[in-house]
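**Q** Going line by line, the protein sequences match chains L and B. Residue numbering for the first sequence follows the numbering used here, beginning at 41 and increasing consecutively. Residue numbering for the second sequence follows the numbering used here, beginning at 41 and increasing consecutively.
It is worth saying that the hints were derived from the structure and are not from the lab. Misleading hints may appear alongside valid ones.
A pair counts as met if it fits within one copy or between any two copies, since identical chains are not told apart.
[Stated by the list, open to error] Computed cross-link-like contacts, DSSO-like style, restricted to lysine-lysine with a CA-CA straight-line distance of at most 30 Å: (1) K93 <-> K68; (2) K93 <-> K69; (3) K118 <-> K69; (4) K68 <-> K83; (5) K188 <-> K68; (6) K83 <-> K93; (7) K188 <-> K93; (8) K69 <-> K83.
Remember, predicted model here, so these are calculated numbers, not experimental data.
Protein chains: 2
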Amino acid sequence: MRGTITREAVREAILDATDRRLARFGYKKMTIDELAADAGVGKGTVYLHFSSKEEVVLSHVDRIVERLCVRLEQLAAKDQPAGDRIKAMLVERVVFRLHSVQHYSEALNDVAAAIRPGLIQRRAQHFEREGAILARVLADGRRAGEFKVPRAPEAARALLEATNSLLPYSLSPQELGDPADVARRTGAVADLLVRGLRNLP
Amino acid sequence: MRGTITREAVREAILDATDRRLARFGYKKMTIDELAADAGVGKGTVYLHFSSKEEVVLSHVDRIVERLCVRLEQLAAKDQPAGDRIKAMLVERVVFRLHSVQHYSEALNDVAAAIRPGLIQRRAQHFEREGAILARVLADGRRAGEFKVPRAPEAARALLEATNSLLPYSLSPQELGDPADVARRTGAVADLLVRGLRNLP
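Here chain L stands alone, though its shape is the one from the complex (with noise of 0.2 Å):
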C-alpha cells in the first residue's frame, strides 16, 4: 500500500497538528484551516473526521487518555501485589496527562475555559475507562486476600474521584511546571487510599 495515506494515518496527522497549535497558540487562535494546512489535506477532509473545532479538540483529549490506557493496561498486568499495582497507576493516570500537556504552558487555561463543558461530558467517559482497568486489579486484590472490597468497581470510582483534582485541568500554572512535585502529592494521596483499602473491615 505504498504510497496511500489511511484514514487513520490522516487523523492522526490531525491530531498531531491540534496538539502542536493549541500549545503554541491556545483554542481560540487555531482554526480549522490551518489544520488541514499543517496536515497536508484539505478543510473538508478534516470535516470528515471531526464535527467542528471543539470536537477536534475534544478528540485530541480522547486520544491521550487512550495511550494513558494502553500504559495503565501494562501496569495492571505485573506481577506485583494489587496494593502496589493501584498505587503506581494512579501516580501514572496524574503524571501521563501532565506530560501530554507539558508544553503548553500558558495556553492550557485558555483551553480548558474554552471547551470546559465538553470537556467535563468527555472526563465521564474517561474515568469509565480507567475505571474499569483499576477495577480489575482491586477484584485480584481481593482474590489474593489483600483487601476485603465489597464493590470493585465502585471503589475503582473512589480511587479515581480522589486523585482527579491533580489532572492538569485542575492545577494552576505554577503547579503544571513542577510535575515532579504534583507526583510526589499523588503518590501521598495514593499511598493513603491504598492504606485504606488494606484496611477494609
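Got chain L sorted already, so can you dock chain B onto it with the hints?
**A** For chain B alone, kept in the frame of chain L given last:
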C-alpha cells in the same frame, strides 16, 4: 447607630447581589452598575470595595469559604474520635459548597470558565485555611493514639486533594443537580482516607 449603614453591610449587600445575578444571568451579563443598583449604592462605592468585576466574584467565592470554615471549626470541636470528625469535615467541605451554588444551574459553567485563572490562584488560599483546621484534628488523632500521622499539614493537604475533584467547580451540571449522590461519593472517598490514616505504619 440606627440609620447608618456600615462599610461591612455595604460589602455584604454587594456580594448578596452578586450571588443573585450570577445565579440568574452568569458572569458575562452581570455589570457593576447593576450590582450597585441592587445594593442601593453608587457605582463608585462598589469600586471602593472591589477593584473589578472579577474581584467581586472572587470575593463572593471567598465569602462562601469563610462561612464554610466556621462550619468546619464547629465540626472540628466536636467530642468524637478524630477520624470521625475528619470524615464529617471532608463531606461538609463538598456539600456546603454545593449548596452554596445549588441555585446556579447552567450559569455555573459560564462563571467557572470566566474566572478560571483567578479562581485557581484563589483556591490555594482557601485550601490553606481548610488545611489548617484539618491539621489540628489530625494532631488530635495523633495525640489520642488514633493514627500515626508523621506530618499533619502534609496529611491535611492529601485529604483536601483527595476530595477537591468533588467541589462544584469540577462537577458536570448533572452531578450538580444530585447533591445526595455527590455527598455519598465524597463519603466513600473520606471513608477510605480515614481507614488509610488509621493504618499508617
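**Q** Run every hint past the structure and note whether it holds.
**A** Taking the hints in turn, this is what the structure says about them:
no., hint, in the structure
1, K93 <-> K68, "both (10 Å within a copy, 23 Å between copies)"
2, K93 <-> K69, "both (11 Å within a copy, 25 Å between copies)"
3, K118 <-> K69, "neither (43 Å within a copy, 54 Å between copies)"
4, K68 <-> K83, "within (18 Å within a copy, 33 Å between copies)"
5, K188 <-> K68, "neither (49 Å within a copy, 50 Å between copies)"
6, K83 <-> K93, "within (12 Å within a copy, 40 Å between copies)"
7, K188 <-> K93, "neither (46 Å within a copy, 51 Å between copies)"
8, K69 <-> K83, "within (17 Å within a copy, 35 Å between copies)"
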